[in-house]
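Participant: Start from the sequences and build out the full structure, keeping to the hints where you can.
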Amino acid sequence: MKPSAHSVSHHFDVLIIGSGLAGLTAALLLAPGRKVAVLTKRELSDGSSGWAQGGMAAVLAEGDSLDQHVSDTLVAGGGLCDLDATRAVVEGAPDAIRWLRALGVAFTEDQEHPGELHLTREGGHSQRRIVHAADATGAAVQRTLIERVMATPNITVFEYHMLVDAITDRHLKRSGNRCYGAYALDVKTGEVATFSAPQTILATGGAGKVYLYSTNPDTATGDGIAAAWRAGCRVGNMEFIQFHPTCLYHPDAKSFLLTEAVRGEGGRLLLPASAGGQ
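Using the numbering used here, read the sequence shown as starting at 841 and increasing by one per residue.
Rather than coming from a laboratory, the hints here were simulated on the basis of the structure.
Each hint should be verified, as a subset may be incorrect.
Unchecked claim - With a Cα cut of at most 20 Å, we get these calculated SDA-like pairs of lysine to any residue:
1. Lys1028 - Leu884
2. Lys1094 - Val1050
3. Lys1094 - Ala1047
4. Lys1049 - Leu884
5. Lys1049 - Tyr1089
6. Lys875 - Ala1033
7. Lys1049 - Asp1063
8. Lys1094 - Tyr1051
9. Lys1094 - Phe1083
10. Lys1049 - Glu883
Facilitator: Structure below.
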């Protein structure tokens, strides 16, 4: 699909496709001195990020250590984690939490130690290192980032714009392998718009909704992964699809997440007596 002769064209310094925590964070960090566009297939608040309940892991407590956090992660990953990537994420987590607090994210504080964050524990962690905002952490962080993005003049948000494909040399009938932006379908008008930018960031999340039974939102359809592959990018680890270990199922309603902190704090899953439970 390509834009018609009457389609709208936009030009930005940076094009970010996806409005989860990754996309919004990238927009805020890159906005100074640049014109940034954020495309999202539905509303800015849709996507997986707002569904996260438990919290974010960071070494902030006495008695904990970065090495222990790395070790816990490698064990939980069954030895398949990239060590360098794991260490980079673990080492950057404390500063990321401080940055979010400075933006205004209202993380839950320890009632016995005012000013300090309350830390809980989740499965796979040997220490209490989960920073949270009550039991709706993703929504709290997302809400703050959206407020900041909407208040930043250099950032323009395009809601209901669905990625069609990356614009590459192939589309322009040129040799080479560069990306110049993307085509996006304006869901409300049916027009395909052209977004050109020297820098394009795909922050589109995963593809968990390709499965019938999933706690992922309907938007998790792998659009960005597919576009990256068509553009000639290498993709990897496609077999790793997250199925959240705990959710509430009802035959007449949509399943929803139960925070992993339930297990981390020692919660037990019990069956009703009618199903053979105790």
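Participant: Next step is simple, just say for each hint if it's right about the structure.
Facilitator: For each hint, the structure was consulted:
A threshold of 20 Å between alpha carbons decides the hint, and for Lys1028 with Leu884 the separation of about 15 Å falls inside it, so the pair holds. Between the alpha carbons of Lys1094 and Val1050 the distance comes to roughly 16 Å, so the proposed pair stays at or under 20 Å and holds. At roughly 18 Å between alpha-carbon atoms, Lys1094 and Ala1047 fall within 20 Å of each other, so this suggested pair holds. Between the alpha carbons of Lys1049 and Leu884 the distance comes to roughly 19 Å, so the proposed pair stays at or under 20 Å and holds.
About 16 Å separates the Cα atoms of Lys1049 and Tyr1089, which keeps this hinted pair within 20 Å; it holds. The straight-line distance between the Cα atoms of Lys875 and Ala1033 is roughly 18 Å, inside the 20 Å bound, and the hint therefore holds. Distance restraint check for Lys1049 and Asp1063: the Cα-Cα separation of roughly 11 Å lies within the 20 Å cut-off, and the hinted pair is therefore satisfied. Simply put, Lys1094 and Tyr1051 have alpha-carbon atoms about 14 Å apart, close enough for the 20 Å limit, and the pair holds.
Restraint check for Lys1094 and Phe1083: satisfied, since their Cα atoms lie roughly 15 Å apart, inside the 20 Å limit. Proximity of Lys1049 to Glu883 is assessed by CA-CA distance (about 18 Å); at most 20 Å being required, the pair is judged to hold.
Going through the hint list in order, the structure satisfies each hint without exception.
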